[in-house]
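When the letters of the sequence shown are read in order and numbered with full-length UniProt numbering, they come out as residues 1 to 173.
Quick caveat, the hints were computed from the structure, so don't treat them as lab data.
No residue lacks a Cβ here, since even glycine has one placed at the ideal position from N, Cα and C.
There's no promise every hint is true.
Beta-carbon label-pair distances, calculated as ranges [what the hints assert, rightly or not]:
1. Val152 / Glu77: 36 to 42 Å
2. Arg20 / Gly103: 35 to 41 Å
3. Gly73 / Phe163: 39 to 45 Å
4. Lys8 / Glu71: 23 to 29 Å
5. Gly43 / Phe163: 34 to 40 Å
6. Leu24 / Lys78: 23 to 29 Å
7. Asn102 / Arg168: 35 to 41 Å
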Amino acid sequence: MKSLSPDKSDVIIVLGAKVRTGGLPSPALRRRILHAVDLFQRGFSDVLIVSGGIGKHPPSEAEMMKRIAVEHGVPQEKIVMEDTAKTTLDSAVACARMIRRNGWSTALLVTDRFHMLRSAILFRLCGAKVNCSPAEYHGIGPSTWKWWYWYVREFLALQRSIFRFYARKARRP
Numbered sequence: 001m002k003s004l005s006p007d008k009s010d011v012i013i014v015l016g017a018k019v020r021t022g023g024l025p026s027p028a029l030r031r032r033i034l035h036a037v038d039l040f041q042r043g044f045s046d047v048l049i050v051s052g053g054i055g056k057h058p059p060s061e062a063e064m065m066k067r068i069a070v071e072h073g074v075p076q077e078k079i080v081m082e083d084t085a086k087t088t089l090d091s092a093v094a095c096a097r098m099i100r101r102n103g104w105s106t107a108l109l110v111t112d113r114f115h116m117l118r119s120a121i122l123f124r125l126c127g128a129k130v131n132c133s134p135a136e137y138h139g140i141g142p143s144t145w146k147w148w149y150w151y152v153r154e155f156l157a158l159q160r161s162i163f164r165f166y167a168r169k170a171r172r173p
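With the hints as extra help, turn the sequences into a complete structure.
See below:
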């Protein structure tokens, strides 16, 4: 997985995270979109796709990320919203479709480091050529046990997501 020095890409894809009660962004959502905004402003792409549907609390993750990106200087017309995805696999399927439809060939994928492996695998299974740029913690972050929890969760989620990908593929004619 390429991540330390991202390449210029046709599009930057940002995967959403929880929106909290009262429509407030979770730290993960804020971290991801701010990293993507930084990449955008440094010229790694001219287009952002923000992906994520409505979870427990509105607005959609995509809408929340769009608001933050615009507040930080990204022009609205440079943001493409994918606001239907409920899972990482849903995001991969929808964003890969957008990539094909728009004739883009490369994408820079932004999510948290613990979520990157599963995300990159799913995007590649869906036919999207992605390079990776994980959003990193700066300052105080989760405790060590919390990181272990997320990595174990991701390992199990990877198995489930791959199974769901092939089950979905088998159902299509």
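Let me make sure I understand: some of the numbered hints might not hold for this structure. Which ones are they, in numerical order? The structure conflicts with hint 7 only, although it agrees with all the remaining ones.
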